[in-house]
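Undergrad: Here's the letter readout for the chains.
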Amino acid sequence: MILTGLDIDSKVKTKEIIISPYHEEQVNPNSYNFRLGAMIKVYNSFPLDPKVMNSVEEIIIPEEGYVLQPNRLYLASTEEVMGSNFYAPTFAARSSIARLGLFINLSADLGDIGYIGQWTLQLFTIHPLRIYRGMRIGQIMWWKPQGDIKLYNGKYQGSNGPQQTQIYKDFEKGASKVVFNI
Amino acid sequence: MILTGLDIDSKVKTKEIIISPYHEEQVNPNSYNFRLGAMIKVYNSFPLDPKVMNSVEEIIIPEEGYVLQPNRLYLASTEEVMGSNFYAPTFAARSSIARLGLFINLSADLGDIGYIGQWTLQLFTIHPLRIYRGMRIGQIMWWKPQGDIKLYNGKYQGSNGPQQTQIYKDFEKGASKVVFNI
Amino acid sequence: MILTGLDIDSKVKTKEIIISPYHEEQVNPNSYNFRLGAMIKVYNSFPLDPKVMNSVEEIIIPEEGYVLQPNRLYLASTEEVMGSNFYAPTFAARSSIARLGLFINLSADLGDIGYIGQWTLQLFTIHPLRIYRGMRIGQIMWWKPQGDIKLYNGKYQGSNGPQQTQIYKDFEKGASKVVFNI
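Protein chains in written order, with this note's numbering: chain A, 1043 to 1224; chain B, 1043 to 1224; chain C, 1043 to 1224.
In short, the hints are calculated from the structure, not lab data. Be a bit skeptical, because a hint or two may be false.
Note: identical chains are not told apart, hence a pair may lie in one copy or across any two.
Calculated pairs, EDC-like style, for lysine to aspartate or glutamate (alpha carbon to alpha carbon, straight line, at most 20 Å) [as the list claims (entries may be wrong)]: (1) 1192 <-> 1106; (2) 1197 <-> 1066; (3) 1053 <-> 1067; (4) 1192 <-> 1067; (5) 1055 <-> 1105; (6) 1211 <-> 1066; (7) 1053 <-> 1091; (8) 1057 <-> 1121; (9) 1053 <-> 1214; (10) 1192 <-> 1066; (11) 1093 <-> 1106; (12) 1055 <-> 1190; (13) 1186 <-> 1051; (14) 1093 <-> 1190; (15) 1197 <-> 1067; (16) 1055 <-> 1091; (17) 1093 <-> 1066; (18) 1186 <-> 1121; (19) 1211 <-> 1106; (20) 1197 <-> 1106; (21) 1186 <-> 1099; (22) 1192 <-> 1100; (23) 1186 <-> 1067; (24) 1093 <-> 1214; (25) 1055 <-> 1100; (26) 1057 <-> 1099; (27) 1211 <-> 1067; (28) 1192 <-> 1051.
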């Protein structure tokens, strides 16, 4: 079952769901609209390789906005800290954002029960597009789980701002020893 | 819970779910295959900016089909009017369509309980690809909600054909006054 | 309801869910991490047309990996055979993969109850990116259905390796006679 907006609101009040900062006017019929944080990271050396730590540069979105260019990946993050130990989250672009030609994730819409932090977004635009910090860019949904819960305890826990991939740690450790490997 | 195809069929008959026109042979094990409408819209001035109304041009897909080009966003719509006051919808490309290199939404797969209308699709192709009006292009799924329902009452309600973004209205009104802001 | 990782593990043991090969360490809080198979297919004649069989070339990913290039679609597959006659699947890229600029499906994240086979992935990268066979690339989720079940019996059943689109069969048969048309 997907939580309705009124149910999300009630679970935020009982702290079963964390959304901070939280504004009731950002509640939708079955999701919550989150905002874009101020920092962006871009990779600056190619080809990218999952086996190594790929270097990044940081950009702060200025007050007047920042124009994203096609054919580039921009790692951004939500302004909000979000998560739950009781419900599983997924997220999507607002349709108003997608209608401008912008992806906010790359076929990667799933979160984990127990992750609490800012969420890294993958911005990818088809046409040049101006974005603004604090704009309502995406929607988080919450789903009731079936079964016993083992909480997320992975490498991105408690993230602050956009996080580049840490997949190279999988290869360092050897895949067979990794328990939670999001 | 996700509704099975047989359950979608039964809810269409009781009018708890609206799909119009509706054909039983488009029912899948846990979704319904919808069709591509005849009209396409493309933006014609860049960079796009969420704060202003971005102008568009209209294209009607001819009988012999229309070749989509890479690196462009095409706004299209479903042929069907679809929605429900009881179940939450999400939608996806048919895998047969994605295997041709075509996206039908840009990380924006969520609808709202209470929206009833044609659905705007965001078409984006990797390679030149011919499309046809009326082709079965995507799949809608329906999810049982948990909690009290406040129906969608937003700016795209009852849409007819593809709708460009109306996100500039958020900025006009000031974000803090917007209640439903999909 | 979405199955938790512990519930996926229990359903794999009762064979209500098939994941083969299966490794407990690839279980996440509410999904299972699957691996990339060794074969890739690419189309080699354009524009693509859903009404005809579009020809492909095969690539085997060598031991040292293979560098995907932007602006191309690569059809790949999971290493695992996966499916269920009892739960509906969806799948996503691992966030660690998406943070490298790689899509693993093109807005097509839904599977069908009753499909059992390897899953075709649509790989699309923003920047040149090295990939490795056997790398944990995506996540499958399982959802409890509501309603009577009619199992998938479509044209991709039991797939082995990446499968190009078979949508041209829709046009041959005439759309109105197709019952299951994923």
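Undergrad: Could you work out which earlier hints the structure fails to respect and list their numbers in ascending sequence?
TA: Violated hints (numbers, rising): 1, 5, 7, 9, 14, 16, 17, 18, 20, 21, 22, 23, 25 and 26; every other hint is consistent with the structure.
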